[in-house]
Structures are given as structure tokens and as C-alpha cells.
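So the sequence lines, in the order shown, correspond to chains P and R.
First residue of the first sequence: 10, per the working numbering; consecutive thereafter.
First residue of the second sequence: 10, per the working numbering; consecutive thereafter.
Keep in mind the hints are simulated off the structure, nothing from the lab.
Warning: the hint list may mix true and false statements.
Since copy identity is lost for identical chains, a pair holds within one copy or between any two.
Below, in silico cross-link-like pairs of lysine-lysine (DSSO-like), each with a Cα-Cα straight-line distance of 27 Å or less [claimed, not checked]: (1) LYS221 x LYS157; (2) LYS341 x LYS79; (3) LYS569 x LYS34; (4) LYS65 x LYS106; (5) LYS79 x LYS551; (6) LYS402 x LYS313; (7) LYS569 x LYS221; (8) LYS34 x LYS469; (9) LYS101 x LYS402; (10) LYS521 x LYS79; (11) LYS34 x LYS551; (12) LYS367 x LYS341; (13) LYS79 x LYS500; (14) LYS521 x LYS34; (15) LYS65 x LYS500; (16) LYS313 x LYS569; (17) LYS551 x LYS221; (18) LYS341 x LYS469; (19) LYS88 x LYS521; (20) LYS106 x LYS221; (21) LYS521 x LYS65.
There are 2 protein chains.
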Amino acid sequence: MQVIVIGANACGAKSACRVKRLNPKAEVILIDKSELISYGACGIPYYVSGEILDEKALRETSFHVVRDEKFFTDAKGLKVLTRTLAEEIDRKRKTVKVRYLDSGKGEEIPYEKLVIATGSLPRPLNVPGVDLDGVYTLSGLSSAIEIKDRIARGEVERVVIIGAGLIGLEMAEAFADLWGLPVTLMEFFPQVLPRNLDPLLSRMVESHLREKGVKVLLNVKVKEILGKEGRVTGVQTETELYPADLVLIAVGVIPNSELAERAGLLVSPNTKGIIVNERLQTSDPDIYAGGDCIEVTHLVTGKKVVMPMGSLANRQGRVIGTNIAGGHAVFKGTVGAFIMKCFDLAVGGVGLTLNQAKTEGFNVGYALNNQTERSHFYPGAGIAFYELVFDKKTTRVLGFQAVGPMTDGTMARIHAVSSILPNNPTVEDLIDLELAYAPPFNTALDPIHDTAHVADNIIKGLFEPMEWDEVIRRLREGDAHSLIIDLRHPKEAEFLLKRYTNVRQILYQEFKYHLHEIPRDRDVILICNSSRRAYEVARILKGSGFERVYLPLGGLSFPKRWGEEVR
Amino acid sequence: MQVIVIGANACGAKSACRVKRLNPKAEVILIDKSELISYGACGIPYYVSGEILDEKALRETSFHVVRDEKFFTDAKGLKVLTRTLAEEIDRKRKTVKVRYLDSGKGEEIPYEKLVIATGSLPRPLNVPGVDLDGVYTLSGLSSAIEIKDRIARGEVERVVIIGAGLIGLEMAEAFADLWGLPVTLMEFFPQVLPRNLDPLLSRMVESHLREKGVKVLLNVKVKEILGKEGRVTGVQTETELYPADLVLIAVGVIPNSELAERAGLLVSPNTKGIIVNERLQTSDPDIYAGGDCIEVTHLVTGKKVVMPMGSLANRQGRVIGTNIAGGHAVFKGTVGAFIMKCFDLAVGGVGLTLNQAKTEGFNVGYALNNQTERSHFYPGAGIAFYELVFDKKTTRVLGFQAVGPMTDGTMARIHAVSSILPNNPTVEDLIDLELAYAPPFNTALDPIHDTAHVADNIIKGLFEPMEWDEVIRRLREGDAHSLIIDLRHPKEAEFLLKRYTNVRQILYQEFKYHLHEIPRDRDVILICNSSRRAYEVARILKGSGFERVYLPLGGLSFPKRWGEEVR
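Chain P extracted, bound-state conformation:
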């Protein structure tokens, strides 16, 4: 059997090797237009930052052998053609026309089974100046090498990054943290990570970026990238000019499905992804496709999406390899799980964001929670922040997000939720999760449980949530119809009491002795650090017939971290 694989990164390399392992007699030809193949693309920001010294490290196996043409030939038994462009697929004759980029010569290679793993292309930014020297997209390892060399040569003094998505944020850290470069991060949407994180969590990330010296600009429309003598000099937005000698455009990627489309394979007009079935066969059953170039089913909405993630690409490669070798494997879809490091924060999420869930027509509710990552009595536990997005009517879990200290705790929660999300769990199913506990690792009820409890209490109508922005507005305006009660220790409450006129302090554990002092003709807003005490007091008030009782979701730790004037 002769198998051609076009694209020698995550999905392509994996499927080629898997075919060969399952069927050592198969002839497998691995084609890539670049000389640099099988690199850990997700590691690029850590290479640019200098944490990974040599680009070769990204191309090495875990036992430190570089995965180059020779390696795949010798160790894996593949035939490898690098610097080779797959120009055309002739499905009738079952051949791929290739061009050898060094010699310029062409050849037509026959296949029995073909794998298209052509990955993605940077989404273009339609403004003048994108072709200037010093303007980059992170389209592959070679551009990363160029960027790093440029910095190392001292040619870069000011960086502008356009796009505050996952890559934009990772690269902001790479430039700012280890090279000490001033970085301006521009985002069209009103928040960082607009496709991944909800506003209330993204504000933590935004504030953290600012603390780390990154200039974050939201709601920014780039008009033009400016240059002089072909070299970039700055970025012109609708309102201002930002000088820069390196500009990184990171506004997302689109599937590189052009070759497939020209071959007459079905490509989605919506997503631009190659259409595949669960076995990852394209509309031609002898041709498989996987990785960033395909569209997959979102398992929460049932709709088709592109989800360009290295982990999915690797899993898809294994599925394709198994199927080509005569086995049976499927890729059912994605729940969009992600995790990232942003300076000292671990940021992760899975499923739908609030906005995505609203767009899908769900009856959306959300719960916030913050708590120590370990038992509060265990020394050195940092605080982590959680959000659960759910459908208020069906109580179905739609999404879950976390922002915490740079430990594996955030991943632990995302792993747990992403593992069950394909089964359409309800909030109650999250409450029922068994999650191992010991004080050095977590709390007796894991943060997932407590976040789900908040959701459950909302669903059951046990308290009335109020947005923090609304609470803060009422504080600022000194709204006389509201009484904000700080349930913390008097020392902790000092700041709010001094600054705002409509705040009172009543100690949580003495609250019941002050019931007669609580007005019935004002909105009573109960606050504490995590809204746990506030919830309990709200229940006491409700039990005593108070109607106008509210509590902000997630506790004071949220606006504190956003940099609001609360303490």
C-alpha cells in the first residue's frame, strides 16, 4: 500500500508514523514544503522568549534526537520529501503532483490513500502595510526564528501585537518578560481573549498583563501599518500612532484548505475547513484530512467549527493512521478545551463562552466563584477564579473557565470538565463529580463543586445575583436607595467605609443580632471576599422576609483583581 501524507507537522507526521507502525510494509511518503518539519508549534512562544534556547529543541524527540528528514527516514521508515510543494491532487488518477523547491523539478506520485494535513494560514489583516519588513505573522517556525534573531541582534526596541488572542498573549509575554521589550497589545474587541474567555475573567488577565508592563489597548481598530524605506515604523489606529519596529499580527488562523478545494473535495463555505466524517475521510473516501485544515463538530452545539489546536491535530493523526491501516477509529468532535500561561497566571476554558452561548440561543446563566487553590489552612495557597456557564432552563453545563496561579490547578479543573462535557452534563452532574482531595492539592469540596453549587443556588432561586459593575456604580454614585453591607472584619471594611457613603459594616457572624437594623425600603447588597458569607446572610434575610436582598457573584476578590477602587 502506498500512502502520501501532505504536511509533516502534528497531524501529518502522526498519521504517517501510525500507519507505518500498524502496517510496517506500507510505503508512506511524507511531503512538506518546509525544511523544518514536525516541530512543536505550540512551543514557538517559549522559543521566542528564550526559555527554549534552540529551535532544534522544538523539533527534538523526548530523547533529544532532531526530528528531521533523516530521522523520519531512518527511525520511522518513511520516505520524506521536504522542500517539496504538493501542487495538485489528481483524484481520478490517484496521484499528487509535487514540485521540488530546490531543483524546481516536478513529479507525479501515485497514492492509494492520501492524507491532507496542510494546517492553517494566518488570518490576513486587511490594512495597508502588512508586507513591510518587520511585520510578522506567526505562520511557522521559520518566522519565529527570524523574529528571535532580530531581537537578539538588538534591532527591536518597540513591539506592537495586533490581536489579543491566545497567541497574541503568549507572544506578549515572550517579548516583555524575557527580552524586556515594551509591548503594546491591540485588540479590536472590548476584551482580551475575546473568543476564549468571558469578560469577568478576561478582566483579570487584562489587569495582570498591565501589571506586567504590557500596554493593553481594547476596542482598537488598526487603520494602517506605517513604514519607511520598506521597514515598519509604527501602527496607526483610528485615533493614534504607535511607533514600533516589530509588528506581530495575530488575529487568528484560517484553514489551509485550498489544495483540497482545487481537488474538488468538499470544503465548508462557512468555516473554510475541509469537510470530513468521523473517521476523518473527506468527500473522497481514499483521502483523509486532519489538523487545522478541517472542520469538526462542536460537541456542545452540534455545529461545525474549526478548532486549530495541536492536541486535536495529534489525536486526529492517530485516528487517520489507524483507519488507513485497516483499523477503525473515530474523532467525534471537540469541546474547545484550552489552557495557557500568561505570565504568572494559568488561564483555561472549555465549552462555550457566555457570548457564544447567548448567540446559540441558550437561556444562559453564569456562576462565579473564587477560592484558594489548596485548603485554606495549607500554607501558600493562591486564589483561583472560576466561571460556569449553564442553561437556566435545562441546567445543562455549557462552559467552564478558570484563571489561577501558574500551577497545574487550572488544568486539573479544565481536564475534569472537558472529560465529561461531551456527555451533556447538568449542573447537578458537576456537583456529583468525584474529585480526589487532600489539603496540599485542593479543598474538600473542589472548586468545581463550589462553582456548581453557586450555579445550583442561582437555578433554585436561593439568592438574587447582581453584577459587580452595578454594585460599583451604586457605590460610586452613593446611591441612597442601596445599602451595601460589608460582612468582613471592621479592619477589612475600613477602605470601603471611608471611600463610599452607602456602606455599612456588620460582622458576618454577628449578623443575626443586627437584623432589626436592616432597612426594608432599600436594596440591601451583601458583600465579602468570596460571596460565601454574603450568601448565608442573604438566606437569613430571606428567611426573615426581606425582599430586596442582592449579592454580587464571585465576591470582592473579583473587582479587586480588576483594579477597581475596592479593597
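Let chain P serve as the given structure and place chain R on it in line with the hints.
This is chain R only, laid out in the frame that chain P set:
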């Protein structure tokens, strides 16, 4: 509504507070025989060690208020009776007879609903001398305070711990690490953590304990605890005498179900746990029970077990509170997830161990895997070890265990598997899990995936595993019918080549050029650090018609960590 809750720790305190929150008008009476209530029992080892300075920290809320009688009265609105013994339940009259331990007086208190949360008792060790001064079980916070005071006063020079379960190991660390005391840890079974971990992983933990200076004695039968003038002096085993001035007996716990049994409630003769339904009602529907005193369904076997875990007790408390308050909540059962810190290791597991699975009659297989916790190119990644227990016929996942560096990575994997284990996943379901990836956190294919891949390859017969003990035996004996091929770099292979006669080194990536040198009349055993290269070479050999090809599961990193003579 009048509710009595007997037992004011995890389950009891939780259920009492939950009832009160849902129904602020309920009269809830919380009874405990101790003065110290609502402490984080799982934190006791960290209090004894000195990591947590004051026992009060274990009884504090996250906002640093001690959860004593006054706190539960004022903040939670409960009636709290500490130092009060619940002597008898009169189910006909619906009363609890209590005795106030300070005054010696008795009283009969009526209930509408009753919660039994009496916890567990230390399993007794039936040898002479257990009552000597200086012999402890960890039955509660007060004995922990006594132990710590004793150490702090300099009265302890040598410690013997009987029982190498979770508590025994945590306490070994508490004594040895922070107090620097010489600790002898004795275990009746041939391994540490016999009820939680499989032998091949427990050997890592054992070897780590030894590295940390703990004297680990396995297969030990204690005959007597010796004393002089009422004070402990040592532990006599069947073969030797171990001097000690503090002996901790940690051979497990049994449900404290005696009060329930005397009240005529159904108690299992097998587990000694109180029998409850999913809503946690006992055989008397007005009486609920939860925490360490009940038996629950093991969701892998369907059988009844006791699972004395703080996390389950807290969850059960919430379920009971909801049900008493008129809501509907269930506790379906357990998959036995645990996590623990053992010096520099994080150790966790879920589901059945190999032995438990065999006892249950499954057609048991297991897969081992070791890999870096983060992308191998990301600096500072430690190696973690994984085992997956499965049924070879149905491919059902029965259990999963991990031993790794002291990060949250082990918890992340246990969280993921415990979240789906109640759904009876197959090995393929694990392969299909979506697990978020970024290089600072994990590998593109998460360790769960790669461990499941090993299992899948075993199930599909893609290679022939051999036990490491067998490989090491053949190495030691210089077995001439075996050729052990080290696929690593010649430098790495030096040690084995020098020490053993039947070893050859052939570099993995050059193996195919040496095919003609491989004997067909000997067992060819392929080794490398993780058995990944070995697996690939095994496939090449199989493809070339070799029959006698074996590879040890999990790679050389396993026996290296066990302290075997391999490198």
C-alpha cells in the same frame, strides 16, 4: 421542623448548615461528644508536621474565624451541644437521649429528622500493649494535639508507625520531614499503600520513602507493643524488636455505626457501614446518615464498600441537607478517587487496583507509562508515572493511578479519570478524551492519552509485554536464550553493557540497518527509558517476521526509580 445532627465534622456540620440555609426557620441541633468540632481532619498530618502551626487553623473558616460552638450558634443559627454524647435513639418516640459530659446530666431531645454522622473509629490492632502510654491512633484532633505536644516537649526520639496506608505515609512525612525524627514504617502486606496503589507504582513510593530516611518494613507482623512502667518502649515483630517512644497505629478505620445499630437501623454485616439509599436515608426514612459511618456503592463494581474520605463526607452532607429541607438530591456512589502528598511526590488513584480487579473476576490487563509532566522541550519538567487497569475483553477502564512530582499534575489526571469513570468508559473513551494542552502544562497528547494508547496497543496485540522483574531476572542470570537490546545512546547504555552479559546496544534510529544481526532463535527484549522506542522497534521486528520479541511495560525509568541495578 426540628432536626438533630449527631456528629459535627465534615458530613454532620455540612448537613446541619445546609438545612438551615435552605430552611432558615428549621431548628437544627448539632451534637458532638468532643469540644473540638468541624476540623479539617485531612489536615491533621500537616498540623502534626508543623506546616500548620496552630490546631485552630484546622478549625478556621477561610476568613480566619474559628468554627467553634459560638460560631455555629451565631453565624449558622444552629443550636450546638459539644461535649455531649448521643447515647440512644428512640425511633418510636423520635427522640435522642443525650448525656452532657461535663455535668453528667442526661436529656431526651425530640427530632423530626435525624442525621447520623458519627464517622469512623480506628481499626483496632489485636496485639498486647496497644493501651500503653505513647501508643496512638489518629482518632481525632485531640490525639494529634497530644502527639504534637509530646514531640514539641522533646519526649519523642524514635517513632514506629504500624500501617503504610494513606495516613501512615502522611504521618511518616510529618514525623520525619519537619521534626527530623527517625521513623520506622511497618506494613503487613508486601507493599506500601496496599489498598490504593499497584505494586509497580507503590515501589516508587517505597523507594522514595527510603530516600527520605524512612525505614520501610514490608511483610511485617507485629506481635506485641512493649512497654515499661506503662510507657511504650518498642514494637516486637515476629522477628525483631524495634525500640520506640511513640507508636502510631494506622491500620485503617471502621464505620462508627454502633449507635445506629442499637437503634435497630440496618447496618451491613460485611462492611459495618450503615445501609442507606441514594438519598442517604437509612432503613428509617426520617433518619439520614452520611460520612465515614455509612456504606456506599462502588460505581465500578456495583458492590457496597466503605470509603472514608473527607470529600465524600462533605458532598453527602450537602445531599442530606437538601433532602431534609424538602429538596431532592442523591449520592450515587464512589469511584474511590484519592490523592496524597508523600514528601516530594504526588500520588493518586481512582477505581480498582490490579488486585481488586482480579478479585472481582475481571480479565485484567494493565498498561504502564512514564513521561515528562510538561512538553519535553519545556524547561524543568519532571517525570511522572502512570498505570491504567482495564478489562482485556471488554476494554473497560477499571482503574487509573499516577505517581509524579509534587505538582497538581497528578490531581489533574485523577480528576479527569474520576469524572468519567462512573460512566464505564472503555480504553477508547480515554483515547477520545479532550484534554487541553499547552507546553508549560503538559504534552500535546496528555499522559492519560499515551497511557491509554499503551493499553490499546496491548489489547490489539501490537506488542508482547514482559514484566520488568522477569527482564531483570534474565539480566542478572545472564540468560543466554535472551538478548536484551538497549536502544538508547551508547553512553546511556554503558552501564548495562558493562554489568550484564546478554545486553547489546543498537541505536533506535539506526535499528533497521541492523535487522540482519538480530537472532531469531532468542527472546529479543527491547528496552529504552519509556518503552516508546522499544515499541516502534518491536513493530519493525514483527513486520519482518520476528516472533520472539518482547518489551517491558513502562520503560527503564520504572526499575531505575525502584532502585534496581539498571541505569
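Comparing the hints with the structure gives:
no., hint, verdict
1, LYS221 x LYS157, "within (21 Å within a copy, 43 Å between copies)"
2, LYS341 x LYS79, "neither (34 Å within a copy, 55 Å between copies)"
3, LYS569 x LYS34, "neither (62 Å within a copy, 35 Å between copies)"
4, LYS65 x LYS106, "neither (30 Å within a copy, 75 Å between copies)"
5, LYS79 x LYS551, "between (73 Å within a copy, 23 Å between copies)"
6, LYS402 x LYS313, "within (24 Å within a copy, 35 Å between copies)"
7, LYS569 x LYS221, "within (17 Å within a copy, 42 Å between copies)"
8, LYS34 x LYS469, "between (61 Å within a copy, 18 Å between copies)"
9, LYS101 x LYS402, "neither (52 Å within a copy, 42 Å between copies)"
10, LYS521 x LYS79, "between (76 Å within a copy, 13 Å between copies)"
11, LYS34 x LYS551, "between (74 Å within a copy, 10 Å between copies)"
12, LYS367 x LYS341, "within (24 Å within a copy, 32 Å between copies)"
13, LYS79 x LYS500, "between (68 Å within a copy, 21 Å between copies)"
14, LYS521 x LYS34, "between (79 Å within a copy, 13 Å between copies)"
15, LYS65 x LYS500, "between (55 Å within a copy, 21 Å between copies)"
16, LYS313 x LYS569, "neither (38 Å within a copy, 47 Å between copies)"
17, LYS551 x LYS221, "neither (43 Å within a copy, 55 Å between copies)"
18, LYS341 x LYS469, "between (34 Å within a copy, 21 Å between copies)"
19, LYS88 x LYS521, "between (78 Å within a copy, 14 Å between copies)"
20, LYS106 x LYS221, "neither (50 Å within a copy, 63 Å between copies)"
21, LYS521 x LYS65, "between (66 Å within a copy, 24 Å between copies)"
In this structure, the hints that do not hold are numbers 2, 3, 4, 9, 16, 17 and 20, in rising order.
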